[in-house]
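A.B. asks: Hey, can you piece these two chains together into the complex? The hints should help.
Protein sequences, first through last, are from chains A and B. Going by the working numbering, the first sequence runs without a break in its numbering and finishes at 1180. Going by the working numbering, the second sequence runs without a break in its numbering and finishes at 129.
Since the hints were derived computationally from the structure, they do not count as laboratory data. Just so it is clear, CB atoms sit at the ideal spot from N, CA and C, and this is done for glycine as well. Heads up, a few of these hints could be off.
Simulated crosslink set (DSS-like; lysine-lysine; CA at most 27 Å straight-line) [said to hold, decoys possible]: (1) Lys970/A <-> Lys1098/A; (2) Lys977/A <-> Lys1158/A; (3) Lys102/B <-> Lys1027/A; (4) Lys1027/A <-> Lys936/A; (5) Lys1027/A <-> Lys975/A; (6) Lys50/B <-> Lys67/B; (7) Lys936/A <-> Lys1098/A; (8) Lys67/B <-> Lys936/A; (9) Lys50/B <-> Lys1027/A; (10) Lys975/A <-> Lys1098/A; (11) Lys67/B <-> Lys1027/A; (12) Lys102/B <-> Lys112/B.
With beta-carbon atoms standing in for the labels, derived distance ranges [unchecked claim]: (13) Pro875/A <-> Glu82/B: 29 to 37 Å; (14) Lys67/B <-> Lys975/A: 53 to 61 Å; (15) Leu70/B <-> Pro1147/A: 52 to 60 Å.
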Amino acid sequence: MTVTEPQLAEHFGATIARGDRIEPRDWMPEAYRRTLIRQIAQHAHSEIIGMQPEGDWISRAPSLRRKAILLAKVQDEAGHGLYLYSACETLGTSRRELTDKLLSGKQKYSSIFNYPTPSYADVGTIGWLVDGAAICNQVPLCRTSFGPYGRAMIRICKEESFHQRQGYELLMTMMRGTDEQRAMVQESVDRFWWPALMMFGPPDGASPNTEQSMAWGIKRNTNDELRQKFVDMTVPQARALGVTLPDPQLRWNSERQAHDFGEPDWDEFWAVVNGAGPCNAERLAHRRKAHDDGAWVREAAVAFARLEEAL
Amino acid sequence: MSEWPLYEVFVRGKRGLNHVHVGSLHAPDDKLALMHARDVYTRRNEGVSIWVVRASDITASSPDEKDPMFAPSGDKVYRHPTFYDIPAHVPHL
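The following block holds chain B by itself, in its conformation from the complex (with noise of 0.2 Å):
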């Protein structure tokens, strides 16, 4: 059983774009995760950098709350653009 830590491996597919969250992998220390995920999850050109982050450092929220994290935000139909009607003929809108 691994006493290394676990880290979450994000990658850049290219310039501009997002780091995105690819899997993880344990490592002894920051510089190894690095070297680890290249090895891991980069072995085909999949990116241009990656982030790795200790997974005890990652504060998240669980599916099972979705609804009193997100249900707030489900009623409020008029935060979107399709909520107006803007007649058909109107260009540009």
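If we strip away everything but chain A, and leave its shape as in the complex, we get (with noise of 0.2 Å):
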């Protein structure tokens, strides 16, 4: 007896209403497939950039502690990296491909990367309001419909509770600190406010994806819904660490119950996710290189092998 498309398709959607997990070996229907490869793609490639920015600061730490925790850090998220490639190739693509894609600039990775870090308050900045927000993100997708995304996530999330609170802990002691230090934390914190809100994503008018990945189960919040959940829980943050958010138009909404806030600049966003952002052309090439410069150990380890089985 043939199954045909049309029943595969109506098992495929009652699991989904169910709440039940599709598995890899499931039948899916191919835009499904798509969607999830490219998204967790996506994903997999901003955990691997991701390092970079804070990658620059590990020969600068001021102490060994602040070193020893800033690598651990930088290590977490090459190992959160990986999770997401082997989640990502159980639909059917391989390691090689998405690396491809990614040096190749045809898959990409959170525009947060493509900011500089000019200054050191800049890692306790991204712990708090970059890993917050992606954390904001992340905690949804534990319950996405595609197993192995939403395991690889349970593992990421439970990981990412150590990168925001060393960042909000290295921020209270600079403000502890001196005037510069202040001065230090405030001007980071006003460079990465409006990058860290549109993590979400374009407003949800602009989001032409985001229903289609609701329906699926892939997404459980719209981008503007995580938007405003990230606002209203760093607002008291904020007030805690003693700096403000560099938006004249953050106020509480008591008729909502929750905070309004201005509009970021998707002008801006568009030209960083189109490649003009400040170190877009700096982070592939370093990837590229990296790439590179490492062939000569995965052969070594394949002419390693190969011997070995020889013997």
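C.D. replies: Here it is in structure tokens:
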């Protein structure tokens, strides 16, 4: 007995409707597979490229304690990239294909990593705001409809909590320091606030994939819902830290029981997404160089494995 | 004494969960290993899918190597969120 495609589609739809997970061997619509590959790949690439802005500070960290923490954090980002690449590969793509698409610019990574980190305070701000925004995005993804993606997200979210706390603690320490250090924190927050809000993606009206992704259970919340949640969580943290968020329209709306806030500069967002950000070229060039410089390691490992086999 | 190779059996309890190791069995080939695993390990609705892997295909560390394997992460307390003191009045962290 052969099962027809409409029957398979009906079975798939019923699994999603029950709130059950889709697993790699299940039949799935091609568009579902494509959407997931694009989203998980972009997520994996973001982890890997995301090592660069903070990695710049490892050799310049002000103490051994801060250096060990930063190393551990950047190492985690590499690990998160690997969890996600593996989840993506269960959809029938390969590591080589994903790497090629990153290096050739055919697949994107989060635009936040195209901003520079000229100040040490940026290490703290990235932990607090960038990882904070990432956590907001990622917690609902633990319940995404594709099993391997959700399981990778559970591991990542567990580890990400350290990232955000070390960042906030770093900033608290600087805020207890000199006027100059406090000014460094404020300057860093001023630079990262708007790019952090852009991490949730374009406004719902300009996000054509959201509706289908939510119908498929890939996404659980819209971009604007998550952005609002992030702002509401962050405002009291900023107050406790003693910094201001650079948005004159930011205020509590008691009617909505939520904060009103200004609109990010979406022209800037699209410009950075499309390659014109301050560090796009540098990030990709660095990743390409690392890939090329590592070629002999990959070749040597394979040659050694062949030798072991032959013995 | 059985000449059949040993297989390790992993069962996924429900969609969304990892396959978890439940035990092992002997079988003459992969296909029968799967059938036997069903009969031996999932007689009471224990799962939605099964993996069988030849035990000889698994590379494993031994609990005796626990220290050299895992000691390097033992002193890295800063990998845990609880290492960082955040005042109780700061929410959502």
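A.B. asks: Looking back at the hints listed earlier, which ones does the structure fail to meet?
C.D. replies: 1, 5, 7, 8, 10, 11 and 14
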